[in-house]
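A.B. asks: The primary structure of each chain is shown beneath.
2 protein chains.
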Amino acid sequence: MSAVKTAALPNPFALWCGGSLPDAVVAYESWGTLDAARSNAILLFTGLSPTAHAASTPDNRDPGWWEQMIGPGRAIDTDQYFVICINSLGSCFGSTGPASINPATGAAWRLDFPEVAVEDIARSGYEVARSLGIDQLSAVVGPSLGGMVVMAFAACLPGKARRLVSISGSAAASPFAIALRSVQREAVMSDPDWRGGQYVNPLQGPRAGMRIARKLGTITYRSADEWRSRFARSGLGERGLRAAQQASTRVPKGFGPRFAVEGYLEAQAERFVRIFDPNCYLYLSRAMDCFDLSSHGEPSEVLARAGLESALVIGVESDFLFSIDEQAWIAAQLDKAGVNTQFARLPCIEGHDAFLVDLPRFDAAVRGFLNA
Amino acid sequence: MSAVKTAALPNPFALWCGGSLPDAVVAYESWGTLDAARSNAILLFTGLSPTAHAASTPDNRDPGWWEQMIGPGRAIDTDQYFVICINSLGSCFGSTGPASINPATGAAWRLDFPEVAVEDIARSGYEVARSLGIDQLSAVVGPSLGGMVVMAFAACLPGKARRLVSISGSAAASPFAIALRSVQREAVMSDPDWRGGQYVNPLQGPRAGMRIARKLGTITYRSADEWRSRFARSGLGERGLRAAQQASTRVPKGFGPRFAVEGYLEAQAERFVRIFDPNCYLYLSRAMDCFDLSSHGEPSEVLARAGLESALVIGVESDFLFSIDEQAWIAAQLDKAGVNTQFARLPCIEGHDAFLVDLPRFDAAVRGFLNA
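Residue numbers (numbering that gives the first Met the number 0), protein chains in the order written: chain L, 0 to 371; chain P, 0 to 371.
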């Protein structure tokens, strides 16, 4: 039932921070049809945690993480475009990462996995396109971490994309975002069940630390205003009470969740802990901290060399993790680079995650750009 | 060398959420001289973690947490006022709390300590004033948690304060703040060294969890803009490298701090873990979540009954934990209650902690109000 395909990377695949990966693969899914000129491909990168399943397929009818944005007649129109979404290198949904088997030892890489950079995610994503006979993308698109990846793509792969869409991304991790991610990683690594990365499998791994990391993530992905209108100071509902009962096995009476917002965090964390490998989380989180477009040169000069025809930068005013000022800065650099740039400043209240929630606004912005 | 005095509370001291405390005391320090009419006293409540040592004294020359605001000729002028600062009930710096000895058992209360409410901090603080022969305060003043406490004071003790100063406080914990604090508490309680609250002493207690809680606190007490200008993406300095060396005993190579902001968090956490009792932290954190002025009645009616002559509400635009909208709302309720209210909307970039850092702005606002 899985629609996931894998593309082999050049072997070995040299990494941005040094070292290389043997026998590495990148998992991807695709929608639509590649045209004869192989010129209508859109490469979509994800945020930190999603799989390549951005939309349902005949083989996997589960809704994807951007279901309403991808399909026939949708903002990313599969009647017009061949869309590829990849699972990031370093992740755990089919692409090679710390949870994969190291062919040299036959055991999982774990912390012996070499450091992964945002640049490696961009370059390995491009290798997927190349494996399909595509030399140049019609567009590269990415939200959140994916927004960083499209910046890295522009820097590392000049001429390989005609258009770029950055959504709530970043050209260089801010000290505020670094601080938050370092605390998330510390929560995972402080959990004795992490065992210095040597847990046997995620379900016997640092679940408590991963819960904390994900709850903190969830807090930073939304906004105080949204939660005020959504939860106010309501007590736990039925769903929350179930979560509280789970939690009560871990904390003494009276110290578990009392408020609806706590039940929501609990449910989010529970889902995440079941699916995401802790070491992969650490690697991708650190990669985000380390990304800095200016390490490639003066940003507008780097972007001028990228050969882009046009760009769309989407930012959300209530996003406090990847601030609207960062988005405006990216748009300004693209503009300075001579790229025909649109900046969509969206007044959504859902914060960083708005691209997953406030679909009408994102549909309009992306549709307008891709079909211009 | 300690200037800390203690006042015995009425025995037993009935608590807001039910139950009572035997033989409870509140620690306090004081500055200036009470006038003959006993009418010049200012009662100062603290944020979550400080001691009653708000300013240096002849007996303890260490600078206090609000050193530059309290003293002869200062914004809170000890030539004019008799100033009392209390350590919150439930804390661990001389006041009765979960780390204190339960007289019934001879052992520390730990989680047998009854639930403490913000209202109890207000009422026990007033008992300190009463023990000094003061019936009515010239002003009650509080930042952060202290700002919640002065709201509770107005609700619980009508006629007992002529003026009120709320600084970056809250009339009801927001779901965003609740979410953050619940994650902080979870970090402490997930640490196996917490041992269900039965750790032997804080230094053998949940240090890893407390580090995470404090780091997250520090992140929410400042602002992204401040950190951008202060740290940018600098690497670890000399101080940070020392912190990293400490951290490296806990995390594998390559996963410890790399950026200046991480070294800063490390230093903040290290300081906090050495001095603050984890169970006391849990109790006070939860008390903040549960505070809601509207549980006393319609807020402006509650405040109208408080008998206040005037009020000053100070808010900081960059504070995302206790947002400027919350401060404006408090000021509006006071105004609606018929209290002569000033609202100082300060453009500091230091976030919630600005009252500890941007002293000139706070000096001007507080001085102008108290000497009007």
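Wrong hints could be hidden among the right ones.
Derived CB-CB ranges, DEER-like [stated by the list, open to error]:
1. 337/P to 224/L: 26 to 32 Å
2. 363/L to 296/P: 42 to 48 Å
3. 346/L to 34/P: 32 to 38 Å
With the Cβ distance kept under 7 Å, some of the chain P side facing chain L (calculated, not the full set) [stated by the list, open to error]:
4. 178
5. 211
6. 218
7. 223
8. 260
9. 275
10. 299
11. 300
Calculated directly from the structure, the hints in this document are not laboratory data. Backbone N, C-alpha and C define an ideal beta-carbon position, used for all residues, glycine too.
A.B. asks: Does each hint fit the structure? Answer for all of them.
C.D. replies: Structure-based check of each hint:
1. 337/P to 224/L: 26 to 32 Å: 30 Å, holds
2. 363/L to 296/P: 42 to 48 Å: 45 Å, holds
3. 346/L to 34/P: 32 to 38 Å: 54 Å, violated
4. 178: 5 Å, holds
5. 211: Cβ of residue 211/P sits 5 Å from chain L, so the hint holds.
6. 218: 5 Å, holds
7. 223: OK, holds: residue 223/P within 7 Å of chain L, min 4 Å.
8. 260: Cβ of residue 260/P sits 4 Å from chain L, so the hint holds.
9. 275: Interface hint status for residue 275/P: violated (17 Å vs cutoff 7 Å).
10. 299: 18 Å, violated
11. 300: Where the cut-off is 7 Å and the nearest Cβ of chain L is about 19 Å from residue 300/P, the hint is violated.
In this structure, the earlier hints numbered 3, 9, 10 and 11 are contradicted, and the remaining ones agree with it.
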